[in-house]
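> Chains as they are written, first to last, in my numbering: chain F, 1 to 491; chain W, 1 to 491.
Read the hints as simulated data drawn from the structure, not as lab findings.
Hints may contain errors.
One copy or two, it doesn't matter: identical chains are merged, so the pair holds either way.
[What the hints assert, rightly or not] Here are the computed lysine-lysine pairs in the DSS-like style, where the Cα-Cα straight-line distance is at most 27 Å:
id, residue 1, residue 2
1, Lys250, Lys133
2, Lys327, Lys200
3, Lys296, Lys57
4, Lys453, Lys429
5, Lys315, Lys336
6, Lys315, Lys327
7, Lys343, Lys315
8, Lys409, Lys342
9, Lys482, Lys113
10, Lys22, Lys415
11, Lys57, Lys47
12, Lys296, Lys47
13, Lys133, Lys180
14, Lys3, Lys383
15, Lys482, Lys77
16, Lys262, Lys428
In this text the structure is predicted, and so the values were computed from the model without any measurement.
2 protein chains.
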Amino acid sequence: MAKVLTPRSENYSQWYNDLVLKADLAENSAVRGSMVIKPYGYAIWEKMQRVLDRMFKDTGHENAYFPLFIPKSFFSKEAAHVDGFAKECAVVTHYRLKNDPDGKGVVVDPDAKLEEELIVRPTSETIIWSTYKNWIQSYRDLPIKINQWANVVRWEMRTRLFLRTAEFLWQEGHTAHETKQEAIDETVTMINVYSEFAEKYMALPVLKGVKTENERFAGALDTYTIEALMQDGKALQSGTSHFLGQNFAKAFDVKFASKEGKEEYVWATSWGVSTRLMGALIMAHSDDNGLVLPPKLAPIQVVIVPIYRKEDEFKQVSEVAKGIVSKLRDMNIDVKFDDNDKKKPGWKFAEYELKGVPVRLAIGPRDVRNGTVEVARRDTLEKKVVPMEGVEKYIQTLLDDIQENIYNKAFDFRKENTTKVDSYDEFKKVLKEKGGFILAHWDGTAETEQRIKDETKATIRCIPLDSEPEEGKCMVTGKPSKQRVVFALAY
Amino acid sequence: MAKVLTPRSENYSQWYNDLVLKADLAENSAVRGSMVIKPYGYAIWEKMQRVLDRMFKDTGHENAYFPLFIPKSFFSKEAAHVDGFAKECAVVTHYRLKNDPDGKGVVVDPDAKLEEELIVRPTSETIIWSTYKNWIQSYRDLPIKINQWANVVRWEMRTRLFLRTAEFLWQEGHTAHETKQEAIDETVTMINVYSEFAEKYMALPVLKGVKTENERFAGALDTYTIEALMQDGKALQSGTSHFLGQNFAKAFDVKFASKEGKEEYVWATSWGVSTRLMGALIMAHSDDNGLVLPPKLAPIQVVIVPIYRKEDEFKQVSEVAKGIVSKLRDMNIDVKFDDNDKKKPGWKFAEYELKGVPVRLAIGPRDVRNGTVEVARRDTLEKKVVPMEGVEKYIQTLLDDIQENIYNKAFDFRKENTTKVDSYDEFKKVLKEKGGFILAHWDGTAETEQRIKDETKATIRCIPLDSEPEEGKCMVTGKPSKQRVVFALAY
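Throw the hints in and build the complete structure from the sequences for me.
Written out as structure tokens, the structure reads:
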């Protein structure tokens, strides 16, 4: 069978696009920059949502829903925010169409112009804080810990499926607190939720850290981030949690009577992950044969392919297969028995490989006679014949093994592709020849950071949270530094 | 404690608004016609979503996601559809703002005008059928059975929380089939799913029927509906399933090669329910004390309120309460132990009554001594002291009883408020004095239907599916009729 994907070594970016299309994850739509998320891709996103939603609720959050549209004037209320978000956005100016007087379809009705234009939300801080104003009077009304699952729109000029699209799906948490410390604690709690999700479920090791001022969310005092490394040596920002201080409370005049009876501004956080995680998941683990999915997020965890020629063989094999299906379902394992008789086993093998199904079982008449089953794992492509007796337990262990192996592989890759450098020349050399995460000393100034970006395109991905302090000198200016920061080229 | 709601008898519409606000379900936002769905209201919607999503999957559907924006020209492709939907809608004309040259906030950048305006989806038939065109070549690609959970926007001039809002949340199923019969079967399957959901989960008896031509979905050949009766005697259309024939396939040129090798147009259905169901749920069951929720959709099914004066009493009561909590959780019952010591029991009782929690337990020191617990049910407001031993089984049975009782109450109400009439005078009298569903003979013409609507505001809610044929004469024109149809004033 011909390879359906461009190999990574040939063109990584083309490989990614091929894979997203061929594995039926998503495609471009008739609307520039907006994608269609196809059922198989959406099923992965649904599994992600289910886990994250549970983690949010377990940390005391509730879901709610706020309007899609935001009055234009709201954006002007927070100075940094307007620069970051209000510029490239979809603007609703009219609320009616009418028949074209020339008889050709419909045209915008000039009489239905809105007094104030509405912005399709690029993020919801402004509409939510204008609402919180009515909900908060006293410290008794705090904290408010709300999450929203929603679509947002940012008018991107260059788009890529999942990684950068004009419309995308995400969740955005927006919390309100009595004290600065409580808000900071919430910010940290949520970046920890994201990193736990990435590592345990996506099998994706991530660096946790704080963004530099240049890279902060527009309106935040601090942005925490998780950064993952893709197979082409580029970093992908996978989730962020923002400590917003009192900026939005001040912009929307949200005050509360404290326990001491004083009027104070409320402290805020916001945090989000999006369908961009789909891009991270795909790029981190997959290979030239197709998707490699961690079992915990695979819509189909096990597929059973029957091998047969005659009708009675099919009956025998089916009976055995159905017994396995029922046992696996009892163990909450998502299993599919593919008994479609219009497709050959070879076609099915290639299809499920392309779609990243972690475990494939093949059962033929000889297996039925011998009490065996052939088990193939997607991550290593290894095949093994095992006894039918107890195969469900074998599979459960195998799924755990695969989850762990995928994580370890990504972890080792990151380790191999993380380099400490002590001079700017070395930095440029590593960036060019090897890529990956580069740990270097930096003098802490926005000017030096910008110079490095201009000269090399590398950005500071984060100031890592869990690294050791280390005295050193900035690789560019020679000024003192107390900690290495993480540089990389990034998506 | 003063009543917080306007009584239904005084002003039903005001009672509804009071209830939605006071029970923390939703509120109006800063954006005209768009609501904020608050956490408690959203939690009910989430329970609805979970059940419906499972029912859709069990009937062979998958979820996917299509773009929010639809190119204006797509609406002109299906003649009936454009009249029904493209007129009152939100139109995106620009993709950028810029700083106001006068220094006051931001203004729309005239240089960022879109070549073709984008419509914020009021429903997604057009964008989805333009996508299906690329997915369907042969009968092997059929059926396609996709559902989408999404927000939609219809520019409504008079809005009411949940019942009619500019933006609302819904699901929309869009399926593609080889044959006419298969599409009709799908349409019927889905109206049956909706009616099962309404009756079993919402405890809401519904009439199933077909819409007249006047009331059909714009672009459908047949619209199936479920109609529920509210306590004020008005009908509420609660879900619809449309047989679209080949209209959208023709509009978007979607053909397939049949088994016989012929090129044929694809057959279509679409079906949806929305956050309007929240309005139906609230209005059908609630009373002057607040919400009455069917246990199957209640975010909190059981609340436990501790009664105590001293700290050691609280400890004793808490220990017992926690034992019950853990047993109920094991039975998958959503239980809350409200140990907030800043609120008095009386306040809590009123609060949970307002919020429609089906079962309330109160436990005091005497209960601990006697091995008893006070159980109050929200639907009848009855209280009873029962033995602590085995209380979890008592509660499970009670929840089932309440679910059934709420359904029966609504069923009896509908029965009492369904009237057969045989003359137009009688029709007008019943409509004015009693309201409810009115079964009458109609000559089958759009003219008579329109005349009745103009003269009485009543519309034909549906031609019921499961009623007996009955020869009769149209109450208005005296022309022959073979079946009674259902009239009502409607939301």
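> Now look at each hint and say whether the structure bears it out.
Against the structure, the hints come out as follows:
1. Lys250 - Lys133: within (10 Å within a copy, 51 Å between copies)
2. Lys327 - Lys200: Answer is within; shortest intra-copy Cα gap is 25 Å, inter-copy 30 Å.
3. Lys296 - Lys57: Both: 19 Å inside a chain and 20 Å across chains, each within 27 Å.
4. Lys453 - Lys429: within (15 Å within a copy, 79 Å between copies)
5. Lys315 - Lys336: within (17 Å within a copy, 51 Å between copies)
6. Lys315 - Lys327: For Lys315 and Lys327, only the intra-copy Cα distance (19 Å) is at most 27 Å; the inter-copy one is 45 Å.
7. Lys343 - Lys315: within (17 Å within a copy, 66 Å between copies)
8. Lys409 - Lys342: Neither. Shortest intra-copy (37 Å) and inter-copy (53 Å) distances fail the 27 Å Cα cut-off.
9. Lys482 - Lys113: neither (57 Å within a copy, 49 Å between copies)
10. Lys22 - Lys415: neither (31 Å within a copy, 55 Å between copies)
11. Lys57 - Lys47: both (16 Å within a copy, 14 Å between copies)
12. Lys296 - Lys47: Intra 8 Å, inter 24 Å, cutoff 27 Å: intra and inter.
13. Lys133 - Lys180: within (18 Å within a copy, 54 Å between copies)
14. Lys3 - Lys383: Answer is within; shortest intra-copy Cα gap is 20 Å, inter-copy 71 Å.
15. Lys482 - Lys77: Answer is neither: 37 Å inside a copy and 64 Å across each miss the 27 Å cutoff.
16. Lys262 - Lys428: Answer is neither; intra-copy 54 Å and inter-copy 62 Å both fail.
Figure legend: structure checked against the earlier numbered hints; hints not met, in rising order: 8, 9, 10, 15, 16.
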